[in-house]
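Q: So the chains spell out like this:
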Amino acid sequence: MLKAKTHTGLVFFPAYDWAISATHPEREERLLYTQDQISEEGLLDVEGIDEFKAGVVDIEDVQRVHFCVPDARSVMTESHFISAGGAKTIGKAKMDGLVDRGFALVRPPGHHAMRVVHGGRGFCNVNNEAIMIEYLRKAYGIDRVAIIDTDCHHGDGTQDIYWHDPDTLFISMHQDGRTLFPGTGFNNETGGPTAAGTTLNIPLPPYTSEEGFLTVLEKAVLPILQEFKPDLIVNSAGQDNHFTDPLTNMNFSAKGYADLTARLKPDIAVLEGGYSIESALPYVNVGLILAMAGMDYSHVVEPEYSAERLRQGPSITATIEKTCQQVIDTWNDRQNIRIRMQENVIYAERNNTVFYDTDGFYETQHETLQVCRECSGVLKIDSSVERKMRVLAVHIPRKACENCRKTGYQWFEKTDMGPYDMILLQDRPEDQYRVRKQ
Amino acid sequence: MIIGLDVGGTHTDVVLVGENGLERRIKVPTDTSALFDAVFSGLEHITRDIDISQISHAVLSTTLTTNAIVQDKLPAVGMIVTCGPGIDPEYFRTCEQYYRVAGAMDHSGRQIVKLDEKAVEDAASRMREAGIEYVGVVGKFSIRNPTHEKRIREIISPMFEKVFLGHNVSGNFSFPRRITTAFLNASVYPLHKRFFEAVRQSLDKKGIQIPIYILKADGGTMDFETSIDFPGQSILSGPAASVMGSIGFAADDQETIVLDIGGTTTDMAVLINGVPVLAPYGIEIAEHKTLIRALHSYSVGLGGDSTVRVEHGHLFIGPDRTGPAMAYGGPEPTPTDALFVLGKAQNGDREKAEKGIEAIAQLLGISTAEAARRIFDQTCREILDSARQMVSLINSRPVYTVREALHGHRIKPTRLLVLGGPAPMFAENFTAISDYQVSVVPHWDVANAVGTALSRTTCEVTLFADTYKLEASAPEEMFVQALKPGFTMADATEMATELLEKKALREGASSGDLVTDVTEALEFNMVRDFRMIGKNIRIKVQVRPGLIGQYEKIIAQIKKQSRNGETPC
Ligand SMILES: [Zn+2]
Ligand SMILES: [Zn+2]
Ligand SMILES: [Zn+2]
Numbered sequence: 001m002l003k004a005k006t007h008t009g010l011v012f013f014p015a016y017d018w019a020i021s022a023t024h025p026e027r028e029e030r031l032l033y034t035q036d037q038i039s040e041e042g043l044l045d046v047e048g049i050d051e052f053k054a055g056v057v058d059i060e061d062v063q064r065v066h067f068c069v070p071d072a073r074s075v076m077t078e079s080h081f082i083s084a085g086g087a088k089t090i091g092k093a094k095m096d097g098l099v100d101r102g103f104a105l106v107r108p109p110g111h112h113a114m115r116v117v118h119g120g121r122g123f124c125n126v127n128n129e130a131i132m133i134e135y136l137r138k139a140y141g142i143d144r145v146a147i148i149d150t151d152c153h154h155g156d157g158t159q160d161i162y163w164h165d166p167d168t169l170f171i172s173m174h175q176d177g178r179t180l181f182p183g184t185g186f187n188n189e190t191g192g193p194t195a196a197g198t199t200l201n202i203p204l205p206p207y208t209s210e211e212g213f214l215t216v217l218e219k220a221v222l223p224i225l226q227e228f229k230p231d232l233i234v235n236s237a238g239q240d241n242h243f244t245d246p247l248t249n250m251n252f253s254a255k256g257y258a259d260l261t262a263r264l265k266p267d268i269a270v271l272e273g274g275y276s277i278e279s280a281l282p283y284v285n286v287g288l289i290l291a292m293a294g295m296d297y298s299h300v301v302e303p304e305y306s307a308e309r310l311r312q313g314p315s316i317t318a319t320i321e322k323t324c325q326q327v328i329d330t331w332n333d334r335q336n337i338r339i340r341m342q343e344n345v346i347y348a349e350r351n352n353t354v355f356y357d358t359d360g361f362y363e364t365q366h367e368t369l370q371v372c373r374e375c376s377g378v379l380k381i382d383s384s385v386e387r388k389m390r391v392l393a394v395h396i397p398r399k400a401c402e403n404c405r406k407t408g409y410q411w412f413e414k415t416d417m418g419p420y421d422m423i424l425l426q427d428r429p430e431d432q433y434r435v436r437k438q
Numbered sequence: 001m002i003i004g005l006d007v008g009g010t011h012t013d014v015v016l017v018g019e020n021g022l023e024r025r026i027k028v029p030t031d032t033s034a035l036f037d038a039v040f041s042g043l044e045h046i047t048r049d050i051d052i053s054q055i056s057h058a059v060l061s062t063t064l065t066t067n068a069i070v071q072d073k074l075p076a077v078g079m080i081v082t083c084g085p086g087i088d089p090e091y092f093r094t095c096e097q098y099y100r101v102a103g104a105m106d107h108s109g110r111q112i113v114k115l116d117e118k119a120v121e122d123a124a125s126r127m128r129e130a131g132i133e134y135v136g137v138v139g140k141f142s143i144r145n146p147t148h149e150k151r152i153r154e155i156i157s158p159m160f161e162k163v164f165l166g167h168n169v170s171g172n173f174s175f176p177r178r179i180t181t182a183f184l185n186a187s188v189y190p191l192h193k194r195f196f197e198a199v200r201q202s203l204d205k206k207g208i209q210i211p212i213y214i215l216k217a218d219g220g221t222m223d224f225e226t227s228i229d230f231p232g233q234s235i236l237s238g239p240a241a242s243v244m245g246s247i248g249f250a251a252d253d254q255e256t257i258v259l260d261i262g263g264t265t266t267d268m269a270v271l272i273n274g275v276p277v278l279a280p281y282g283i284e285i286a287e288h289k290t291l292i293r294a295l296h297s298y299s300v301g302l303g304g305d306s307t308v309r310v311e312h313g314h315l316f317i318g319p320d321r322t323g324p325a326m327a328y329g330g331p332e333p334t335p336t337d338a339l340f341v342l343g344k345a346q347n348g349d350r351e352k353a354e355k356g357i358e359a360i361a362q363l364l365g366i367s368t369a370e371a372a373r374r375i376f377d378q379t380c381r382e383i384l385d386s387a388r389q390m391v392s393l394i395n396s397r398p399v400y401t402v403r404e405a406l407h408g409h410r411i412k413p414t415r416l417l418v419l420g421g422p423a424p425m426f427a428e429n430f431t432a433i434s435d436y437q438v439s440v441v442p443h444w445d446v447a448n449a450v451g452t453a454l455s456r457t458t459c460e461v462t463l464f465a466d467t468y469k470l471e472a473s474a475p476e477e478m479f480v481q482a483l484k485p486g487f488t489m490a491d492a493t494e495m496a497t498e499l500l501e502k503k504a505l506r507e508g509a510s511s512g513d514l515v516t517d518v519t520e521a522l523e524f525n526m527v528r529d530f531r532m533i534g535k536n537i538r539i540k541v542q543v544r545p546g547l548i549g550q551y552e553k554i555i556a557q558i559k560k561q562s563r564n565g566e567t568p569c
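These protein sequences, in sequence, are chains A and B. Those letters in the first sequence? Residues 1 to 438, per our numbering, in order. Those letters in the second sequence? Residues 1 to 569, per our numbering, in order.
Next up, chain A with everything else stripped away, as it sits in the complex (with noise of 0.2 angstroms):
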């Protein structure tokens, strides 16, 4: 009898209705020939996995996270909202207690999502990972949480989310942005004043194989990891690194990430790209899920592979290792980065413009932070889209002292409306999502 080692739930949501358009990767087939593979393998059937249905986020659930523009069901379709509730439920099937670990198999994904959203971008509307550990924190009052994104792309939705935020840790690894979407990702994009460290980038050069990936594993996320000491270690499991996603130039394998799963060990994993959808996703998954459960993949390769053929250059290889110490470096100098940071400065400000690929248009945003001593700071995102939209989106973070909770209230109540929409507010130590309007 086939057994998993550690009890192990699945969500999987193919969405077998729903697609972009017709011809886009993110489209019904994508994890057909998955969902094949994964029943004919009968891994639903072994002790130890379950199965679970894909709940449905609550508009709550998703204001705890965005400020969707003008508002959460104008940029979210019918499946958003399923794929972000299949999060939410892996997630709550682990804090119940039901299951050990567990993977969210869903489409479509959510990790270019930030936290002001007035489209699609990266094929992403909303972020699914953000709004299970949001949910997660509020309704299980855990803590520290570590995201760890192999996704190929840059998760640049995720960073925003969590830029300012010192009790969340991310880590992405993915192909370097000067070869790829969304062109962010550096090694010098460590996070706010008040939480820089907690998010680190690991670029990787084109062609990077297992041996590669390995090795960020074991020299840069581990050890940062167990000094961090999260709650819960949450992956978005994106599988375009694979050597035959038709988007991405890496050389990743179905073995590779099924090992990389094993030695991370995470919580929950949620699926995010992969657009390989005949070649790759079946036998990824399918090693994803038995690494999770703790069994036996080493059977599990793909018709293509040769380990010979997409073993990595020396070069690549040296690169890895420097970026990985950079990484290291950084994150054994945080305390003295935000020190360097929040000297003289009462507000700190940056400027971002983002770019919705999927619908086409610019956002451009002010983002001011009130540094604070106390906690991790109020924000405020004066947010326009030409010809659409103009918001301010006020965040007053989860743990606010007094003093920045009031600040949030005096920008939310006392700014003038004149040139903006809407004027939004995060309430996060209330729950509470207010709107004002013209």
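For the record, the hints were derived by calculation from the structure and aren't laboratory data. All values derive from a computational prediction rather than experimental measurement. Warning: the hint list may mix true and false statements.
Unchecked claim - List of simulated lysine-lysine pairs, DSSO-like, C-alpha gap at most 27 angstroms: (1) A/K399 x A/K229; (2) A/K53 x A/K265; (3) A/K53 x B/K289; (4) B/K114 x B/K150; (5) B/K412 x A/K53; (6) B/K344 x B/K27; (7) A/K5 x A/K92; (8) A/K3 x B/K289; (9) A/K5 x B/K289; (10) A/K265 x A/K5; (11) B/K412 x A/K92; (12) B/K484 x B/K540; (13) B/K469 x B/K484; (14) A/K53 x B/K540; (15) B/K193 x B/K289; (16) A/K138 x A/K265; (17) A/K3 x A/K53; (18) A/K219 x A/K322.
Unchecked claim - With the C-beta cut set under 8 angstroms, the calculated list includes, among others, these residues of chain B facing chain A: (19) D88; (20) S108; (21) R177; (22) R397; (23) Y400.
Glycine included, each C-beta is placed from N, C-alpha and C at the ideal position.
Let chain A serve as the given structure and place chain B with the ligands on it in line with the hints.
A: For chain B with the ligands alone, coordinates are given in the frame of chain A:
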């Protein structure tokens, strides 16, 4: 007229139904070690002094294959399983003579590992040496491409009496379940064949030459010839018999829970508008998980003979049975004894029943009558709790489309149909303690045999169509056909339905009973290099489990008989 025969654990029920409703009914004790006698004498008795030409056919539901599996009394069989990347099929080993040979297809039916024919020959000769006669052959993804399974049969069939191929036993995914299903078919084959050939011959000798049908776990029937090729489908037909026996009395616009209250267990199922809910994959029996289509039935260890005990001041009922009720000479008090104390049951030793319940009453510090009421109430409540659990289990089945996730139907049964020995007493109490509309199935104690008699022939067909490869295939049907460009879902539905109707008629259906459903219809644009190249269509069609055309007339008569209190004997 039709004969229905249902072998149960203690009794075998035989009925003759016809224009006048229930024409004749008998119960004979079941001796598990002499199943043939029960079946044969049942059939002989029910046809005594009846004009055989008036009997169209007989449908039999037996525990033959079920018992053999549960008691692990199966002959040694052989398995050849092809082996490629993925989980090692060694984990799915079903028997000693189990051979893995190289050979593999991928999820789209492309060969990724060539079949090792030499290894097949070696495995075959070793099985021969071990005296094996029946063999199952299964490949991963054989339902997408059965070439390896067919080639293996070609190589080995001269050496064995019967070979079962995985892709023939089901069109559904799950390699391990396909292995188990082929294995069970091979294992019960000789027993099933010998048994029913003996029944056939003995009936012929007596001049009772009527066609024989076998009840399946999905509540449908198959003719005798079909059952020889798919003997595994006869496994666990028992629960289906009682569900089918209640269908005729369920409203066709309501959701109903069927409760069959037996001695050891209560078996439950759900009817949606008179149609039974099917199990998601297939039957599970002993340690075997299969792809054998079955009604969704749920069994809980609560029945008339469940042992009643008090522990730490709390009352516990079941899940075990130590013997019959004390009123019938059993060792421990039971809910049936409570019914005696309450004056709701007769024809047993009331004094012994009272003695048993009195002991319980003392432990609880209440009167004997009060204890009897509490035992009976708690039994009823626990049965209803289990029924609600079953409903929530059905409602929490995963779904894979936005439409089903957000707008899918959630069942909320409002009616209970009760059958089995103590049905009327339980029904009365269910009414008192719940909001369900409760009714008792007429002739509740032989309803299972009536259901067996009136079930229609069912079957299922899975069709895959690929408009890029321009090919359609139905694995169970050994059907492959080239397609013309422009093939649509509508064409696929027509093609699958045609195959289904042919199959149903071949397996003994009458043309008036071909009520078909599309149970799954998925259509995907296949895009390669950002260009649409074709459609991937998957469709499943079934003959819906239900009753044969004549049933309405017969059921109407049975209802009338029951109203008039007529009980034929
Ligand atoms: Zn990443
Ligand atoms: Zn990606
Ligand atoms: Zn503060």
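Q: Now, for every hint given, state plainly whether the structure supports it.
A: Hint-by-hint comparison with the structure:
1. A C-alpha spacing of about 19 angstroms is found between A/K399 and A/K229, which places the hinted pair at or below 27 angstroms, so the restraint holds.
2. Taking the CA atoms of A/K53 and A/K265, the gap is near 23 angstroms; set against the 27 angstroms cutoff, the hint holds.
3. Distance hint between A/K53 and B/K289 is fulfilled; the C-alpha atoms sit about 21 angstroms from each other, no more than 27 angstroms.
4. Taken as a hint, the B/K114 and B/K150 pair is honoured in the structure, with Cα atoms around 14 angstroms apart against an allowance of 27 angstroms.
5. The suggested pairing of B/K412 with A/K53 holds, with an alpha-carbon distance near 18 angstroms, which does not exceed 27 angstroms.
6. The suggested pairing of B/K344 with B/K27 holds, with an alpha-carbon distance near 23 angstroms, which does not exceed 27 angstroms.
7. Pair hint A/K5 plus A/K92 holds up; C-alpha atoms about 21 angstroms apart against a cutoff of 27 angstroms.
8. The suggested pairing of A/K3 with B/K289 holds, with an alpha-carbon distance near 14 angstroms, which does not exceed 27 angstroms.
9. Between A/K5 and B/K289, the direct Cα distance comes to roughly 20 angstroms. Compliance with the 27 angstroms bound is thereby established for this hinted pair.
10. A threshold of 27 angstroms between alpha carbons decides the hint, and for A/K265 with A/K5 the separation of about 13 angstroms falls inside it, so the pair holds.
11. Between B/K412 and A/K92 the CA atoms are separated by roughly 25 angstroms; this keeps the pair inside 27 angstroms, and the hint holds.
12. Our distance criterion of 27 angstroms between C-alpha atoms is met by B/K484 and B/K540, whose separation comes to about 21 angstroms.
13. In summary, the hint linking B/K469 to B/K484 is supported, as the alpha carbons are separated by about 10 angstroms, within the 27 angstroms threshold.
14. Between A/K53 and B/K540 the alpha-carbon distance is near 22 angstroms, which keeps this suggested pair within the 27 angstroms criterion.
15. Pair hint B/K193 plus B/K289 holds up; C-alpha atoms about 23 angstroms apart against a cutoff of 27 angstroms.
16. For the suggested pair A/K138 and A/K265, the alpha carbons sit about 24 angstroms apart, so the restraint of at most 27 angstroms is met.
17. Proximity of A/K3 to A/K53 is assessed by CA-CA distance (about 22 angstroms); at most 27 angstroms being required, the pair is judged to hold.
18. With a CA separation close to 11 angstroms, the supplied pair A/K219 and A/K322 stays within the 27 angstroms bound.
19. Taking 8 angstroms as the C-beta cut-off, the interface hint given for B/D88 holds, the closest approach to chain A being about 5 angstroms.
20. Interface hint status for B/S108: upheld, as the beta-carbon distance to the closest one in chain A is roughly 7 angstroms, under 8 angstroms.
21. Annotation: interface hint on B/R177 holds; nearest CB of chain A at approximately 6 angstroms, less than 8 angstroms.
22. With its C-beta approaching chain A no nearer than about 7 angstroms, B/R397 sits inside the 8 angstroms limit, and its interface hint holds.
23. Checking B/Y400 against chain A: minimum C-beta separation of about 5 angstroms stays under 8 angstroms; hint holds.
When the structure is compared with the earlier hints, no violation turns up for any of them.
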